[in-house]
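A.B. asks: Now for the letters of each chain:
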Amino acid sequence: MEKVFAIMVAVGVPVSVIGSLLGWPEILMFVIYCLTIVALASYMGRATESLAIVAGPRIGGLLNATFGNAVELIISIFSLQAGLNGVVLASLTGSVLGNLLLVAGMAFFVGGLKFKRQKFNVYDARHNSGLLIFAVLVAFVIPVVFSTSLTNTETLDLSVGISITLIVLYLLALFFKLVTHRGIYQDPESKPKPEIEEVEEPEWGKGKAMLILGLATVAVAYISEHLVHTFETVAESFGWSELFIGIVIVAIVGNAAEHASAVVMAFKNKMDIAVEIAFGSTLQIAMFVVPLLVIVSLFTAHSMPLVFTMPELVSMAAAVLLTIILANDGETNWFEGATLLAAYIIIGIGFFLL
Amino acid sequence: MEKVFAIMVAVGVPVSVIGSLLGWPEILMFVIYCLTIVALASYMGRATESLAIVAGPRIGGLLNATFGNAVELIISIFSLQAGLNGVVLASLTGSVLGNLLLVAGMAFFVGGLKFKRQKFNVYDARHNSGLLIFAVLVAFVIPVVFSTSLTNTETLDLSVGISITLIVLYLLALFFKLVTHRGIYQDPESKPKPEIEEVEEPEWGKGKAMLILGLATVAVAYISEHLVHTFETVAESFGWSELFIGIVIVAIVGNAAEHASAVVMAFKNKMDIAVEIAFGSTLQIAMFVVPLLVIVSLFTAHSMPLVFTMPELVSMAAAVLLTIILANDGETNWFEGATLLAAYIIIGIGFFLL
Amino acid sequence: MEKVFAIMVAVGVPVSVIGSLLGWPEILMFVIYCLTIVALASYMGRATESLAIVAGPRIGGLLNATFGNAVELIISIFSLQAGLNGVVLASLTGSVLGNLLLVAGMAFFVGGLKFKRQKFNVYDARHNSGLLIFAVLVAFVIPVVFSTSLTNTETLDLSVGISITLIVLYLLALFFKLVTHRGIYQDPESKPKPEIEEVEEPEWGKGKAMLILGLATVAVAYISEHLVHTFETVAESFGWSELFIGIVIVAIVGNAAEHASAVVMAFKNKMDIAVEIAFGSTLQIAMFVVPLLVIVSLFTAHSMPLVFTMPELVSMAAAVLLTIILANDGETNWFEGATLLAAYIIIGIGFFLL
Chain A
1 MEKVFAIMVA
11 VGVPVSVIGS
21 LLGWPEILMF
31 VIYCLTIVAL
41 ASYMGRATES
51 LAIVAGPRIG
61 GLLNATFGNA
71 VELIISIFSL
81 QAGLNGVVLA
91 SLTGSVLGNL
101 LLVAGMAFFV
111 GGLKFKRQKF
121 NVYDARHNSG
131 LLIFAVLVAF
141 VIPVVFSTSL
151 TNTETLDLSV
161 GISITLIVLY
171 LLALFFKLVT
181 HRGIYQDPES
191 KPKPEIEEVE
201 EPEWGKGKAM
211 LILGLATVAV
221 AYISEHLVHT
231 FETVAESFGW
241 SELFIGIVIV
251 AIVGNAAEHA
261 SAVVMAFKNK
271 MDIAVEIAFG
281 STLQIAMFVV
291 PLLVIVSLFT
301 AHSMPLVFTM
311 PELVSMAAAV
321 LLTIILANDG
331 ETNWFEGATL
341 LAAYIIIGIG
351 FFLL
Chain B
1 MEKVFAIMVA
11 VGVPVSVIGS
21 LLGWPEILMF
31 VIYCLTIVAL
41 ASYMGRATES
51 LAIVAGPRIG
61 GLLNATFGNA
71 VELIISIFSL
81 QAGLNGVVLA
91 SLTGSVLGNL
101 LLVAGMAFFV
111 GGLKFKRQKF
121 NVYDARHNSG
131 LLIFAVLVAF
141 VIPVVFSTSL
151 TNTETLDLSV
161 GISITLIVLY
171 LLALFFKLVT
181 HRGIYQDPES
191 KPKPEIEEVE
201 EPEWGKGKAM
211 LILGLATVAV
221 AYISEHLVHT
231 FETVAESFGW
241 SELFIGIVIV
251 AIVGNAAEHA
261 SAVVMAFKNK
271 MDIAVEIAFG
281 STLQIAMFVV
291 PLLVIVSLFT
301 AHSMPLVFTM
311 PELVSMAAAV
321 LLTIILANDG
331 ETNWFEGATL
341 LAAYIIIGIG
351 FFLL
Chain C
1 MEKVFAIMVA
11 VGVPVSVIGS
21 LLGWPEILMF
31 VIYCLTIVAL
41 ASYMGRATES
51 LAIVAGPRIG
61 GLLNATFGNA
71 VELIISIFSL
81 QAGLNGVVLA
91 SLTGSVLGNL
101 LLVAGMAFFV
111 GGLKFKRQKF
121 NVYDARHNSG
131 LLIFAVLVAF
141 VIPVVFSTSL
151 TNTETLDLSV
161 GISITLIVLY
171 LLALFFKLVT
181 HRGIYQDPES
191 KPKPEIEEVE
201 EPEWGKGKAM
211 LILGLATVAV
221 AYISEHLVHT
231 FETVAESFGW
241 SELFIGIVIV
251 AIVGNAAEHA
261 SAVVMAFKNK
271 MDIAVEIAFG
281 STLQIAMFVV
291 PLLVIVSLFT
301 AHSMPLVFTM
311 PELVSMAAAV
321 LLTIILANDG
331 ETNWFEGATL
341 LAAYIIIGIG
351 FFLL
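Protein chains in written order, with the UniProt record's numbering: chain A, 1 to 354; chain B, 1 to 354; chain C, 1 to 354.
Honestly, the hints are just simulated from the structure, not real lab data. These numbers come from a predicted model, not from an experiment. There are no misleading hints in this set.
Pairs count within a copy or across copies, as identical chains cannot be separated in the list.
Within a straight-line C-alpha distance of at most 27 Å, the following computed BS3-like cross-link-like pairs (lysine-lysine) qualify:
(1) K177 <-> K114
(2) K119 <-> K177
(3) K177 <-> K116
(4) K268 <-> K177
(5) K114 <-> K3
(6) K177 <-> K206
(7) K268 <-> K208
(8) K268 <-> K3
(9) K119 <-> K268
Assemble the whole structure, with the sequences as input and the hints as a guide.
C.D. replies: The following block contains the structure:
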């Protein structure tokens with residue numbers, strides 16, 4: 001598998017550059033761009049995993065989530081510049097749904113095929129549940145409901161106010177987790193684990209891992225810029241809406257890194273990391289990437305209010321409630337994974353038909 | 001009480017047949033049909049209880065739920081044939097509300113009058129909570145929200161896709177409960193119980209119980225077919241909507257079996273069975289009967305998309321959230337029962353006025 | 001601080017009376033009324049705390065909530081008489097939001113700055129969660145959803161039916177807590193506590209505390225009547241909507257008592273009382289004050305159906321879900337407080353712009 005990705009990167013990156021310069025057919029390039037980003041994301045994932053082993057499970061999880069979401073952030077900024085505001089919110093919705101339902105679902109399902117019951121830190125689960133409710137059911141719901149009685153300017157003011165609040169609370173959450181309450185919420189049972197994990201060898205050294213991470217990020221940025229401009233043609237050719245491309249295709253491509261590493265971690269019964277990747281990534285999208293893009297959009301030609309469409313909002317709210325009820329007890333099994341995947345299928349069909 | 005039901009069946013079944021053949025007044029027949037089904041359902045409940053004692057609490061609960069819902073399935077198929085699609089979804093809504101709020105509410109309330117605190121398997125509670133959220137807040141909510149932006153054909157496609165997903169997940173849930181994770185999620189405290197239960201004598205032997213179950217089911221089917229055709233007249237005469245008949249009357253009649261056995265079980269402090277009846281029945285309606293009817297409807301003159309009305313959807317969603325928050329800790333008392341009953345009253349008034 | 005309040009009362013009450021009689025400028029009087037009520041409410045809080053020490057934590061919490069909400073009830077009745085129905089529901093919404101998000105948020109935050117982890121009775125937390133879901137997500141949601149298909153008379157019938165159900169269930173909840181299940185749901189860890197609390201000295205004797213409570217209540221009533229009539233002028237002068245005055249200003253003024261005592265209790269690590277004040281007060285508003293006002297309104301010129309606006313309803317529902325997910329485990333920390341406060345800010349911006 002690793003060899004396949006190595007070849008995909010070795011071929012994909014130069015072909016992407018050449019194809020974009022020579023103006024090859026857009027549908028061909030869309031496929032090449034997507035595959036190359038997936039392969040690059042796998043390198044980012046492996047580099048992050050190496051760094052994660054050095055840095056410990058919690059920071060490791062944060063690193064994973066950060067560099068997984070670099071892809072979404074980069075694609076979104078180029079989409080904003082191209083004036084595709086609807087696609088930006090759609091692809092962030094897709095990213096939230098993809099992380100909560102597809103990534104966590106796959107991790108729980110695959111991990112559960114090997115282990116009857118998998119446990120993870122119940123305090124982290126509850127902490128994440130609170131933030132998911134806050135981000136989706138408060139911060140995203142309020143502007144949709146209020147905007148029907150507000151002018152466009154007022155809606156934008158509300159969006160900016162909410163965005164700042166989201167980012168401040170996200171930073172406070174990091175401060176809480178890494179500083180004031182670091183190591184406070186340990187599960188008594190999971191204490192012996194760290195010793196065993198320390199023994200594990202990272203694939204790459206710290207320096208090499210960071211170099212690979214940096215190069216892959218630059219390559220993803222270059223390709224994303226060109227990927228965005230193929231959406232219109234692809235949408236027309238396949239009879240898909242741009243929304244569907246954003247919500248399913250971009251989100252799957254963008255989350256390939258998290259996806260791969262979360263499933264690998266679950267298969268190794270390291271559920272704390274798997275859950276941290278899926279939920280941490282969701283929270284970073286919802287509480288950092290989304291509000292950052294709202295603020296960034298103020299400096300572009302088309303400012304983007306924080307107003308999701310009803311299908312986007314309701315899908316995210318349903319996904320959050322389902323995930324919370326399944327994960328809040330700090331335990332999973334294959335069937336809980338299957339339930340999340342079933343929800344992803346249902347919502348996927350909905351957006352495909354939209 | 002048992003003698004009363006014996007007389008009701010002995011009188012009700014022949015009178016139903018004669019009355020339907022001779023064309024007696026429809027309002028009279030509506031009352032006779034309803035009472036006879038209630039009495040028949042009590043026989044089904046007692047037969048199921050006998051089988052449940054032989055088969056153990058879990059399979060016993062499934063049996064209870066299955067034969068309780070045979071009544072709804074039968075009535076619904078005849079309603080579909082009569083083109084009363086709105087009544088079908090209404091009576092299934094009523095069945096979900098009836099099981100979650102009325103049956104569970106009565107069981108918790110009556111059981112709680114005798115016992116200060118009643119406990120049941122917390123793992124089953126959480127498993128059921130996840131499925132309730134999945135079925136109602138994902139699978140039922142998505143088509144309502146998306147359908148406003150879809151054509152009728154697309155909505156039907158979405159309904160069929162969701163229905164298949166629901167049935168597959170329902171079968172996976174059975175596989176999970178009965179095969180891969182059978183007996184895995186035991187409450188440590190409740191272990192000594194099974195021994196005591198084994199001692200209990202079933203009312204009827206296995207053969208007799210199955211015979212009674214079979215005969216009662218046939219009788220319910222016959223009566224249901226005729227019951228459906230009295231709705232219009234009854235609705236007009238009493239100034240009720242057909243919706244109210246579906247949501248309250250049909251649901252109460254259809255759930256009499258579950259109702260009776262759940263309350264009896266709660267009064268005997270067998271909360272595992274009482275909860276399994278109420279929640280298992282709800283899940284079977286939502287994840288099996290509803291999607292099956294959507295698919296069956298494709299072969300009738302009027303196909304039925306999975307689109308509940310807003311009052312139906314919101315009532316079910318509110319009932320699910322309330323039940324989960326009350327039951328998720330695996331403990332009940334009389335006041336939690338009273339809360340569920342109060343919710344049933346409020347929603348009942350709403351549908352009565354609608 | 002106590003001296004400041006003493007001066008504010010000594011000056012504020014006579015100035016309020018004189019100003020109201022002499023017809024001083026309304027904006028000036030609005031400020032004086034608000035400050036005086038806050039100071040009076042602090043006296044009510046301290047008197048209640050004294051009584052609470054005598055009566056024990058649970059009754060003490062109820063006392064706190066009762067006399068905190070006397071302010072809201074009094075202001076609301078005068079608003080009803082003035083025909084300001086929209087302001088009544090808005091200020092009750094504000095009171096629910098204020099108690100759940102601002103009061104609980106401040107208590108968790110301030111308490112959490114001093115103590116890493118604060119615990120309270122998890123059974124009480126779950127009991128309150130059930131009632132919050134019942135009141136807001138069932139009793140308040142149903143009439144909003146159903147009213148779109150109902151006539152005004154039917155909506156009022158539904159409102160009255162729901163109001164009676166709410167009050168009956170509220171009384172049953174008191175009966176449950178104080179009679180049938182008094183002391184049943186004790187946290188095993190918190191048993192040694194009561195002994196220590198008994199030692200605590202009340203600030204005032206029982207007689208003096210009751211006298212102060214009585215006098216302060218009368219003064220609040222007098223000032224409230226005049227406060228209500230300044231809303232229109234204030235709204236116009238500051239470019240605020242009357243809704244914003246109701247939802248933020250009135251609610252903050254009305255909840256000052258709960259606010260102060262909840263934060264003080266949290267700072268003393270008496271989280272059982274702090275939580276009882278915030279949640280008990282919310283429940284009393286939602287299950288007693290709101291339905292009582294619906295019924296009282298039938299005897300005024302403008303009857304008030306139990307139909308909140310969508311922003312009001314959705315804000316309360318979001319606040320309830322967020323609070324439940326944070327508080328249901330019986331544990332808090334500063335970050336959970338910060339999350340509640342962030343939600344209050346977001347919703348506050350929304351209502352400010354509305």
